[in-house]
Amino acid sequence: MAVVKLLGAWTSPYVYRVIWALKLKGIPYEYIEEDLSNKSPLLLQYNPIHKKIPVLVHDGKPICESTIILQYIDEIWPQNSLLPTDPYDRAVARFWIKFADDKSPSISKLYRTGGEEQEKAVKECLEMLETIEEHGLIGGKKFFGGDKINMVDMAFSSVAHWLEVIQEVAGVKVFEAQKFPRLNTWIQNFKQVPIIKENLPDRDKMLALLKHRRKMLLASK
Amino acid sequence: MEGENKVILHGTWSSPYAKRVELALKLKGIPFLYVEEDLKNKSLLLLNYNPVHKKVPVLVHNGKPLAESLCIIEYIDETCNNSPQLLPKDPYERAQVRFWTIFIQQKLYETMLTVMKSAGEAQEKAIKELLEKLQVLEEGMKGFFPDGSPVISNQNMGILEIMICSLLGPYKLQEEVLGVKIIDPEKTPLLVSWLTAINELPLVKESAPPRDKTVALLKFVTENALKSSSA
Numbered sequence: 001m002a003v004v005k006l007l008g009a010w011t012s013p014y015v016y017r018v019i020w021a022l023k024l025k026g027i028p029y030e031y032i033e034e035d036l037s038n039k040s041p042l043l044l045q046y047n048p049i050h051k052k053i054p055v056l057v058h059d060g061k062p063i064c065e066s067t068i069i070l071q072y073i074d075e076i077w078p079q080n081s082l083l084p085t086d087p088y089d090r091a092v093a094r095f096w097i098k099f100a101d102d103k104s105p106s107i108s109k110l111y112r113t114g115g116e117e118q119e120k121a122v123k124e125c126l127e128m129l130e131t132i133e134e135h136g137l138i139g140g141k142k143f144f145g146g147d148k149i150n151m152v153d154m155a156f157s158s159v160a161h162w163l164e165v166i167q168e169v170a171g172v173k174v175f176e177a178q179k180f181p182r183l184n185t186w187i188q189n190f191k192q193v194p195i196i197k198e199n200l201p202d203r204d205k206m207l208a209l210l211k212h213r214r215k216m217l218l219a220s221k
Numbered sequence: 222m223e224g225e226n227k228v229i230l231h232g233t234w235s236s237p238y239a240k241r242v243e244l245a246l247k248l249k250g251i252p253f254l255y256v257e258e259d260l261k262n263k264s265l266l267l268l269n270y271n272p273v274h275k276k277v278p279v280l281v282h283n284g285k286p287l288a289e290s291l292c293i294i295e296y297i298d299e300t301c302n303n304s305p306q307l308l309p310k311d312p313y314e315r316a317q318v319r320f321w322t323i324f325i326q327q328k329l330y331e332t333m334l335t336v337m338k339s340a341g342e343a344q345e346k347a348i349k350e351l352l353e354k355l356q357v358l359e360e361g362m363k364g365f366f367p368d369g370s371p372v373i374s375n376q377n378m379g380i381l382e383i384m385i386c387s388l389l390g391p392y393k394l395q396e397e398v399l400g401v402k403i404i405d406p407e408k409t410p411l412l413v414s415w416l417t418a419i420n421e422l423p424l425v426k427e428s429a430p431p432r433d434k435t436v437a438l439l440k441f442v443t444e445n446a447l448k449s450s451s452a
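So the protein sequences, as listed, match chains A and B.
First residue of the first sequence: 1, per our numbering; consecutive thereafter.
First residue of the second sequence: 222, per our numbering; consecutive thereafter.
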């Protein structure tokens, strides 16, 4: 019986954060795919309050919320650390992770909404990208983590991979390479990291699924 | 050496977020300089220190600025070994404390804001939601206080106490001014005894803003809510 289990959904960037962290540290785990339209008794038992994925189960003990899971993983298995060792740099990293967590939902709003609501989501996304470009990627580092990716890079993964697909589904253009040169360079570098490259949801499958979801959501409004 | 370990906190008297950091510093016995910001006329320093959000609180430690109250509190806990320990050392317990910290921040704070800023039916709905969420918190806290009677001191107060205190510490005053009940002692007795124990600490009492200022602010907020709901 696996010591580490991960309950997830194949399109969720929050789940991938945990997958990358476990793989970077060489931690074997059992992955359990959840059907979010028909949540399993296991998920409801392990995350009764939010009923969301990802959930990490370590020796039978559940941990919820991807950022909390990542910090837990980093503390239990310190090899290939995901946060800076210097406390000040660590606090700055946590600042950016919080920023990513607070602002990223605007990305999925792009395909879940239409009309005025979608326009608002476009504006929010643009502001987020401008902030990262202006304040987050200064200093000429390859990644937020320096030469290697760390938790902050993982926190911005939805900008790197999901945004592009969602733009196509939603029929909006938010990210343009020439408008965000630093961000563009970071995205290209991030997607070349082997752990990331080998562990991303299939683009075409995701495109089809999100198009379908958008159709259903807009029809129900 | 002069200038070593120089700590400055930029805040406003009414910000619960700044209050959290103030409590953390005082609990650890860390001397600091407090700078009251005028949010209608933000200092250049503040705008420089927190260009992303332009908000308080900002902690400046030996000239290096940090923003976001929870990031600041973890930083304080990691760099100052004085008791109390604001987060547990055990990784699983830390994860539990972080979970409830986020719960209080994301579920209770938002709902509380709606309660304060709305009126009539909208407010009733928000209060119902708040009471439900407080019930969830009550259940969660049973895990932390299994014998049902929290004993809080300057030595064991942690980030969860700081969080609940900055939000609901003045709940009796809030209920008085809003004219509504936001905590039901029969449904959430543990929460009430926890808050009472926290509020009894001299450090917490002396850190609370003056009663009349809080009342004036709450009245201002509710009056605006009534105006906009009857427009």
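No wet-lab data here; the hints were simulated from the structure.
Note that this is a predicted model, so its numbers are computed, not measured.
Among the clues, some could well be false.
[As the list claims (entries may be wrong)] Residues on chain B that point at chain A, a partial pick, calculated with CB under 7 Å:
1. Y296
2. P312
3. Y313
4. A316
5. V318
6. F320
[Stated by the list, open to error] Residues of chain A placed beyond 12 Å of chain B at every Cβ, according to the derived structure:
7. P48
8. I76
9. R94
10. K98
11. K141
12. L200
13. H212
Even for Gly, the Cβ is constructed at its ideal location relative to N, Cα and C.
Broken hints, by number: Going through the list in order, the structure violates hints 5, 7, 8, 9 and 10 and respects the others.
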